[in-house]
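So the sequences go chain by chain: A and B. In this text, residue positions in the first sequence follow the numbering used here: the first is 13, and each later residue adds one. In this text, residue positions in the second sequence follow the numbering used here: the first is 13, and each later residue adds one.
Think of the hints as simulated: they come from the structure by calculation, not from any bench. Keep in mind that a hint or two might mislead.
The list cannot tell twin chains apart, which means a pair is met if one copy fits it or any two copies do.
Said to hold, decoys possible - Using 25 Å as the maximum straight-line C-alpha spacing, the simulated DMTMM-like pairs for lysine to aspartate or glutamate come out as follows:
#  : residue 1 : residue 2
1  : K236      : D354
2  : K252      : E507
3  : K587      : D266
4  : K587      : D32
5  : K587      : E428
6  : K307      : D354
7  : K589      : E333
8  : K252      : E28
9  : K589      : D599
10 : K152      : E34
11 : K152      : E52
12 : K589      : E428
There are 2 protein chains.
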Amino acid sequence: MRATVDFLLNDWLVVESLLDRECFAEHSMETFGSVLDMCERLAAAEFAPHNRLVDTQEPHFANGRVVLPRETHVAVARYVESGMLAATQEEAAGGMCLPFVIEMAANAFFCKASIGISNYATLTTANANLLMVHGTEAQKRVFAANQLSGRWFGTMCISEPQAGSSLSDIATRAVPDGEEFMSDALGPRYCLTGNKMWISGGDHELTENIVHLVLAKIPGADGKPVPGTRGISLFIVPKKRVDAEGCLTGESNDVSLAGLNHKLGHRGTTNCLLNFGEQGGATGYRVGAPGEGLKYMFHMMNEARIRVGMGATVLGVAGYEASVDYARTRVQGRRAAAAGKDATALPVAIIEHADVRRMLLAQKAYSEGSLALQLYCARLVDEQHTASRRQADEAGLLLELLTPIAKSWPSEWCLEANSLAIQVHGGYGYTRDFAVEQHWRDNRLNMIHEGTHGVQGIDLLGRKVHLDDGAALRLLAARISETVRHAAALDGLSEYASQLDLAVAALEHATHASRVGVSAEESLSNAVPYLQGFGHVVLAWLWLDIATRLHVRTDAFAAGKQFAMRYFFAHELPKVKAWLDVVAARDMTTLLVPADCF
Amino acid sequence: MRATVDFLLNDWLVVESLLDRECFAEHSMETFGSVLDMCERLAAAEFAPHNRLVDTQEPHFANGRVVLPRETHVAVARYVESGMLAATQEEAAGGMCLPFVIEMAANAFFCKASIGISNYATLTTANANLLMVHGTEAQKRVFAANQLSGRWFGTMCISEPQAGSSLSDIATRAVPDGEEFMSDALGPRYCLTGNKMWISGGDHELTENIVHLVLAKIPGADGKPVPGTRGISLFIVPKKRVDAEGCLTGESNDVSLAGLNHKLGHRGTTNCLLNFGEQGGATGYRVGAPGEGLKYMFHMMNEARIRVGMGATVLGVAGYEASVDYARTRVQGRRAAAAGKDATALPVAIIEHADVRRMLLAQKAYSEGSLALQLYCARLVDEQHTASRRQADEAGLLLELLTPIAKSWPSEWCLEANSLAIQVHGGYGYTRDFAVEQHWRDNRLNMIHEGTHGVQGIDLLGRKVHLDDGAALRLLAARISETVRHAAALDGLSEYASQLDLAVAALEHATHASRVGVSAEESLSNAVPYLQGFGHVVLAWLWLDIATRLHVRTDAFAAGKQFAMRYFFAHELPKVKAWLDVVAARDMTTLLVPADCF
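Given only the sequences and the hints, what does the whole structure look like? Please build it.
Printed below as a string of structure tokens:
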């Protein structure tokens with residue numbers, strides 16, 4: 013993976029140009045490289061060797077505590093020591109001032125080595141980063157800083173047993189804690205009661221405290237929760253009570269572990285049902301304004317979704333690398349010759365078989381294409397935060413549009429890559445003696461959490477492509493046109509340029525046609541096929557852009573990327589028509605089927 | 013599932029017409045129905061309740077024995093009592109004289125309830141059926157009869173650690189056991205040495221003995237194994253030695269359990285590495301002629317592959333049914349209205365959401381379509397064995413052609429259905445508290461065993477479509493034309509008839525074009541996309557044929573099938589072009605990518 017990451021960062025995304033910006037001025041290509049070196053090394057040494065162990069020794073509850081393998085404690089401690097929790101923060105906050113794209117690339121090595129271990133840190137960073145933007149000075153000093161240093165870890169408490177995708181139905185209540193609730197040093201103080209489901213890292217003994225960020229509703233004047241998402245506010249609820257200086261008071265807060273979820277994968281991470289306020293109310297400190305909770309959460313959702321996409325991506329890469337290794341060493345069968353197979357010939361490594369190469373090339377196209385997509389989006393985050401106004405606005409707009417793809421595409425296609433990795437291993441891949449079955453299990457979560465495929469589709473077709481009267485889609489089309497123009501002028505790439513051009517036209521047509529003469533519900537009934545078609549067009553674009561960048565090179569690395577591009581255009585891009593035709597035709601089959609027909 | 017099975021058997025495949033044949037003359041529609049009733053009931057009572065338990069309490073080795081849960085012993089005993097092991101055998105052999113299609117349908121209920129428990133019986137029946145065709149009278153009396161009665165169970169020992177798909181590399185040796193090896197009452201007696209891998213049911217204490225059917229090579233005159241598959245013979249190797257009357261002699265045969273495989277799914281079934289002849293040689297009795305072993309195995313391979321396809325199918329059905337139930341009862345979210353969502357409206361059951369219906373309809377189209385395919389193929393087996401000469405020949409030819417599809421299509425698309433079943437359940441589907449994640453894990457095996465996807469593709473494009481100068485494909489095209497002609501004359505179906513007609517033309521074109529001007533290896537490098545495109549055309553045909561049969565009906569059952577057909581034509585059939593264009597264009601990307609590019 014490292015060579016591809018280096019190429020994507022240095023040659024394709026030209027991260028060197030970020031060094032001109034004031035916030036990154038202390039860095040150099042060498043410091044970027046040494047962060048990547050450090051993370052790659054640490055992940056290989058401290059995370060990878062325990063990935064199977066954390067899968068088999070699931071968290072369990074004993075003597076009132078959640079027990080994790082010792083190896084998780086050690087790995088997490090090493091990670092904390094690396095300083096990566098605060099990688100993108102400023103030095104004043106104990107950070108490294110790294111660009112987001114470098115942080116994403118560096119942390120990807122940990123996710124690849126063990127997603128089950130790395131989840132704890134990912135959530136903590138996301139939690140602290142949110143507080144650094146939306147918290148008060150005291151909240152930053154107490155709750156963010158102690159997470160960025162790794163003294164405490166954090167969670168996101170969004171879902172409830174009855175409300176997963178449907179956030180407007182959140183039932184957790186927050187009521188002002190006494191008359192003087194506004195005068196607490198840590199922020200407006202509330203009493204929370206409710207149940208939160210699917211809380212990753214929701215309980216453990218890895219750190220002395222856990223900082224929950226909790227969505228809850230403050231009752232309106234009539235004492236009832238406000239319907240819809242408008243009533244949702246955001247609260248900091250520590251597992252153990254702390255004082256204004258961040259010292260533990262010795263009292264526990266009213267947050268109790270109601271159950272551990274036993275999942276198909278991601279078993280290294282505790283996943284909890286938490287009850288808030290079983291004994292009267294958990295103390296929570298409001299973040300920002302009442303009723304703005306979802307906005308704050310969504311402020312970080314783009315980054316969270318890119319992180320989910322990156323998790324899916326590196327599981328894809330891990331399976332790809334494992335199956336390339338296996339295919340090079342596993343000897344079986346013979347190549348077909350003109351006169352059939354020669355049984356007296358020596359068997360060959362299975363990488364010699366065309367269908368094995370097909371499965372490897374598909375994995376490469378899916379997983380390395382996804383890697384390009386995630387890093388492209390991460391680069392847009394940096395543009396959004398540090399570029400000049402117009403560029404930043406453009407980057408933000410493009411990021412909004414691409415985020416549903418960055419979340420959904422790897423979660424679908426790197427899962428498929430993991431299935432192909434099993435297939436390359438044959439029967440062995442179906443056993444727990446090899447890593448690939450765990451990759452496949454771990455990856456299956458990514459189409460579900462942080463917004464399901466269905467939610468991403470509706471976000472894309474129902475909202476994103478129509479933002480600013482379609483400005484985001486026009487911007488994307490313009491970027492793709494640029495790639496098409498470059499590629500069209502290069503030997504051997506012009507045919508791909510034409511294919512991509514046609515695909516974009518089909519996408520634009522389907523986008524427009526999807527709404528003609530139908531209701532929103534009707535149009536959105538095909539949101540997932542639209543998402544799938546859109547995603548394949550984006551990936552074809554990225555692959556062609558990469559091939560364009562590598563056009564002059566003839567080494568094996570460059571040839572591999574060019575073959576992956578050719579695979580994508582020959583085998584994958586043509587699928588776009590099947591998805592988009594449904595959308596453009598406003599086919600209503602799935603909406604119209606009566607519920608009693610199943 | 014039962015209503016669909018009844019419709020497919022009675023209305024679509026008209027099994028009643030089988031009653032005219034002498035071998036089935038003792039049966040009636042009532043006896044067919046009562047076998048289905050009995051199996052459905054028994055599977056629900058004795059298999060289904062233990063499916064999760066056999067997944068979590070994996071077989072293990074203790075005190076020299078393989079330990080299985082008590083529940084497996086009980087379930088298997090109830091199954092044996094049902095007499096289904098010998099369902100298709102004649103009464104003289106203790107059987108029920110059932111048509112194969114009825115047996116397949118009836119046994120499908122057990123596979124659906126617990127594939128991990130039912131594997132033992134499936135293998136035993138397949139083993140005994142082979143011996144009933146190719147064994148001597150003594151072999152039938154001792155080895156087949158004792159399996160058909162359930163006193164002993166059986167296995168198929170084909171793969172070896174170094175030879176999975178590549179059977180020509182089998183290294184297990186069989187040498188004549190003494191000068192008088194030809195005079196044993198149980199058949200020519202050999203000494204076997206070698207290692208067999210992936211042996212399902214390879215060891216257990218469910219029955220007093222285990223009958224292994226083992227592929228091994230008899231050394232040639234030079235003492236060396238004959239290269240290729242020509243040298244392979246078939247042997248009966250009992251776990252414990254028996255005399256000519258089938259009584260245990262009290263001596264164990266030289267077959268030892270070298271290890272249990274720990275799989276991703278199918279955990280209820282022991283899966284073993286067996287060593288033959290560690291102490292000098294295991295006694296084996298040759299079946300049939302030397303060098304014909306693979307032919308005998310393949311004689312039953314069509315049936316075995318339909319059984320694998322059926323296993324994949326019913327896992328798809330199980331996930332479909334579970335997710336329909338969940339979608340009807342899980343309440344979350346609101347339907348999109350013209351003015352956006354109304355947050356004050358009550359939440360609805362998720363089956364009201366269009367994207368959930370899409371996922372249910374896709375599962376229905378995949379799994380019920382697969383069910384039709386498997387039963388259609390099983391019906392062809394009956395035609396092949398009991399119809400008049402010309403019809404039997406036609407059925408045999410068509411069966412040869414469709415078998416790779418019957419094996420591969422459900423293993424790919426009912427796995428996809430299982431993934432959609434998880435998705436319908438959201439986060440809950442990703443936990444082990446629900447059945448759907450186990451379906452998905454169990455189903456992943458089916459693309460691997462009994463011939464991988466790659467093997468099926470090569471069988472189809474390299475051999476089957478060219479049999480008898482393409483006679484099988486012409487026959488299939490003629491059958492499809494018949495459906496097209498019927499459908500074209502029916503209101504509301506003619507557009508689908510045209511689409512199917514075009515798809516068949518594209519298939520015929522790709523079949524022809526795949527070989528023009530290229531080598532066999534080049535042509536076959538696209539065998540899997542060909543297999544996928546071919547499969548989708550076949551399924552579209554079956555769905556249209558079913559819709560034609562139901563055309564006059566307007567009840568919910570019929571409407572459900574019609575919507576599944578419409579879904580298949582709108583969402584699935586268009587994918588065919590993407591697969592077949594690669595084949596027709598003789599795209600060589602996957603063959604040409606150099607191994608050092610990965």
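Hint check:
no.	hint	verdict
1	K236 - D354	between (79 Å within a copy, 17 Å between copies)
2	K252 - E507	neither (62 Å within a copy, 66 Å between copies)
3	K587 - D266	neither (52 Å within a copy, 54 Å between copies)
4	K587 - D32	neither (42 Å within a copy, 47 Å between copies)
5	K587 - E428	both (15 Å within a copy, 17 Å between copies)
6	K307 - D354	between (66 Å within a copy, 19 Å between copies)
7	K589 - E333	neither (31 Å within a copy, 31 Å between copies)
8	K252 - E28	neither (44 Å within a copy, 72 Å between copies)
9	K589 - D599	both (14 Å within a copy, 19 Å between copies)
10	K152 - E34	within (23 Å within a copy, 86 Å between copies)
11	K152 - E52	neither (30 Å within a copy, 62 Å between copies)
12	K589 - E428	both (20 Å within a copy, 20 Å between copies)
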